[in-house]
Amino acid sequence: MSAASIPAARPFQSSLGAKLLALFVVAYACYALGQLDFSWPRFVKGIDNGARFLDRMFPPSFKNWDQLLTGFIESMQIAVLATFFGVLISLPIAILGARNLMPPWATWPARLIVTLCRAFNPVIVAIIFIKAVGFGALAGVLALVMGSIGFVGKLFMEAIEEISMKQIEAIRATGAPFASVVAFGVLPQVMGRLVGFCTYQLDANLRNSTMVGIVGAGGIGGTLFAAFQRFEYDFVLAILITIIAVVLLGELLANYVKRIFNVQS
Amino acid sequence: MSVVLSIQGLTKAYKPGVPVLKGIDLDFDERGLTAIIGSSGTGKSTLVRIINRLVDPGDGTIVFKGEELSHLHGRKLRELRRRIGMVFQEYNLVERLSVMENLLTGRLGYLSPLKAWLRRFPQDDIEHAYQLLDVIGLAKFANQRADSLSGGQRQRVGIARALMQRPELLLADEPTSSLDPKTSVEIMELLKSQGEDHKIPVLVNMHDVELAKRFADRIVGMTGGRVVFDGLPSRLTDDHLKLIYGGEGWLQ
Numbered sequence: 001m002s003a004a005s006i007p008a009a010r011p012f013q014s015s016l017g018a019k020l021l022a023l024f025v026v027a028y029a030c031y032a033l034g035q036l037d038f039s040w041p042r043f044v045k046g047i048d049n050g051a052r053f054l055d056r057m058f059p060p061s062f063k064n065w066d067q068l069l070t071g072f073i074e075s076m077q078i079a080v081l082a083t084f085f086g087v088l089i090s091l092p093i094a095i096l097g098a099r100n101l102m103p104p105w106a107t108w109p110a111r112l113i114v115t116l117c118r119a120f121n122p123v124i125v126a127i128i129f130i131k132a133v134g135f136g137a138l139a140g141v142l143a144l145v146m147g148s149i150g151f152v153g154k155l156f157m158e159a160i161e162e163i164s165m166k167q168i169e170a171i172r173a174t175g176a177p178f179a180s181v182v183a184f185g186v187l188p189q190v191m192g193r194l195v196g197f198c199t200y201q202l203d204a205n206l207r208n209s210t211m212v213g214i215v216g217a218g219g220i221g222g223t224l225f226a227a228f229q230r231f232e233y234d235f236v237l238a239i240l241i242t243i244i245a246v247v248l249l250g251e252l253l254a255n256y257v258k259r260i261f262n263v264q265s
Numbered sequence: 001m002s003v004v005l006s007i008q009g010l011t012k013a014y015k016p017g018v019p020v021l022k023g024i025d026l027d028f029d030e031r032g033l034t035a036i037i038g039s040s041g042t043g044k045s046t047l048v049r050i051i052n053r054l055v056d057p058g059d060g061t062i063v064f065k066g067e068e069l070s071h072l073h074g075r076k077l078r079e080l081r082r083r084i085g086m087v088f089q090e091y092n093l094v095e096r097l098s099v100m101e102n103l104l105t106g107r108l109g110y111l112s113p114l115k116a117w118l119r120r121f122p123q124d125d126i127e128h129a130y131q132l133l134d135v136i137g138l139a140k141f142a143n144q145r146a147d148s149l150s151g152g153q154r155q156r157v158g159i160a161r162a163l164m165q166r167p168e169l170l171l172a173d174e175p176t177s178s179l180d181p182k183t184s185v186e187i188m189e190l191l192k193s194q195g196e197d198h199k200i201p202v203l204v205n206m207h208d209v210e211l212a213k214r215f216a217d218r219i220v221g222m223t224g225g226r227v228v229f230d231g232l233p234s235r236l237t238d239d240h241l242k243l244i245y246g247g248e249g250w251l252q
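Protein chains in written order, with this note's numbering: chain W, 1 to 265; chain B, 1 to 252.
Incorrect hints may have been included.
What the hints assert, rightly or not - A few chain W residues facing chain B, derived, Cβ under 10 Å:
(1) Lys19
(2) Ile168
(3) Gly175
(4) Phe178
As the list claims (entries may be wrong) - FRET-style restraints, in silico, Cβ to Cβ:
(5) B:His73 to W:Val133: 57 to 67 Å
(6) B:Ser178 to W:Phe12: 45 to 55 Å
(7) W:Ser164 to B:Gly17: 23 to 33 Å
(8) B:His198 to W:Ser164: 26 to 36 Å
(9) B:Thr11 to W:Ala132: 57 to 67 Å
(10) B:Leu243 to W:Ser164: 29 to 39 Å
(11) B:Lys22 to W:Ser14: 56 to 66 Å
(12) W:Ile260 to B:His198: 42 to 52 Å
The hints are simulated quantities; they were obtained by calculation from the structure and are not laboratory data. No experiment lies behind these values; they were computed from the predicted model shown. Glycine is no exception: its CB is placed at the ideal position from the N, C-alpha and C atoms.
Looking at chain W on its own, in the form it has when it is part of the complex (with noise of 0.2 Å):
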């Protein structure tokens, strides 16, 4: 190779469009901070603010603990009733999306479903359900169970398109109905994943139960909403603390529960 073939000097030189971008992005943030009216006395207001707010959260208040309870009880009925359905019809919709295992006519309606699902956040499904079932659990748990179809139905989906194809033919070759195929060929090779994504699925929706009570659909999150309007920030503190605790909690579960059946891939 000739000397002349070699680009001198700087390898790590950026292209004119990368310079261009960046200057855009920096350019674009300084219009929208000036646009949206931060300015310094604004800031420094703000945090006198916060230091109250923090000052009155201070120290935390379990006195209505009834209340507590009662929405957390509910919060967690939500996460586990949302986790259960959501992953008893996330099941037959991946098989369905799978395209190692079915025909476009088959994978399309189920990549759909789970891709609208997948569309919105919890929050915004869950005021729809509002609207539609009126306010309380019922809501919540309809909002979650599509969350949960949208996440869980998309890794199982991709799971089970990473199967070994030669088991399935072996299974196949004796003649076994598709239903016996997906039990004896399909499930084996998937399962240790799917209780993976389940504890997953239910350590999220326990945080998100939290989120959906604030619009209105039940659980902890209401009471939290209700402890804001009423500005008793002292029992709001003590709602994120037992927020906290059952969300770490729940990890400790979802690990514990991954040691039972023994997860590896």
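Given chain W, put chain B in place with the hints provided.
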């Protein structure tokens, strides 16, 4: 002896204009082990897989016990497949299931899906599975996961799974190609003896000529998608082998 399987004028092309099988005519009797030999890519595997329709045939007819099978689909196809056992090169066991569960999958063609999901196999099938485990010498391994076995053990389980179907024809697609020489001989012995015990024809597709000569009652040599030798192993000469595999340096 009567003809069990009759193949006439069979062709197959995966891509239009590139035929893999160019008109195969073969009849198989109700007994005996037939070895189909030939170099890689001559369509041996395709031929065997067309018989139980893991691969769809092109033109030609395939008649198995009086039934034309090249256009079967749905339930009729499943009913055909459960009468034909198949052994694979890479064993194709369900890795995460136990040896016993793998054997029982051989009965799925006879079990309703509901019973399959509930794992309700007839007692008869379970006893049959234990008998076969004894035959293949793996009775102690019934509850071990299939992926904990060695290659030779896995292939034995693969054969037992095929025999669980109580097949009327046993197909084996390069059953010894992933195994060491000693294990290969054991597997061929098992295929031959099981074929004789159950009085069913066995079709083995392989590329080890010595092994084929030693175990086969009949050898079919293929090259370029055609049958170029069909007869007793004793009649297979070096000239035939040159025709089947091409060249001659490898024979010295």
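For each hint, the structure was consulted:
no.: 1; hint: Lys19; verdict: 49 Å, violated
no.: 2; hint: Ile168; verdict: 9 Å, holds
no.: 3; hint: Gly175; verdict: 3 Å, holds
no.: 4; hint: Phe178; verdict: 8 Å, holds
no.: 5; hint: B:His73 to W:Val133: 57 to 67 Å; verdict: 45 Å, violated
no.: 6; hint: B:Ser178 to W:Phe12: 45 to 55 Å; verdict: 48 Å, holds
no.: 7; hint: W:Ser164 to B:Gly17: 23 to 33 Å; verdict: 32 Å, holds
no.: 8; hint: B:His198 to W:Ser164: 26 to 36 Å; verdict: 29 Å, holds
no.: 9; hint: B:Thr11 to W:Ala132: 57 to 67 Å; verdict: 59 Å, holds
no.: 10; hint: B:Leu243 to W:Ser164: 29 to 39 Å; verdict: 37 Å, holds
no.: 11; hint: B:Lys22 to W:Ser14: 56 to 66 Å; verdict: 59 Å, holds
no.: 12; hint: W:Ile260 to B:His198: 42 to 52 Å; verdict: 43 Å, holds
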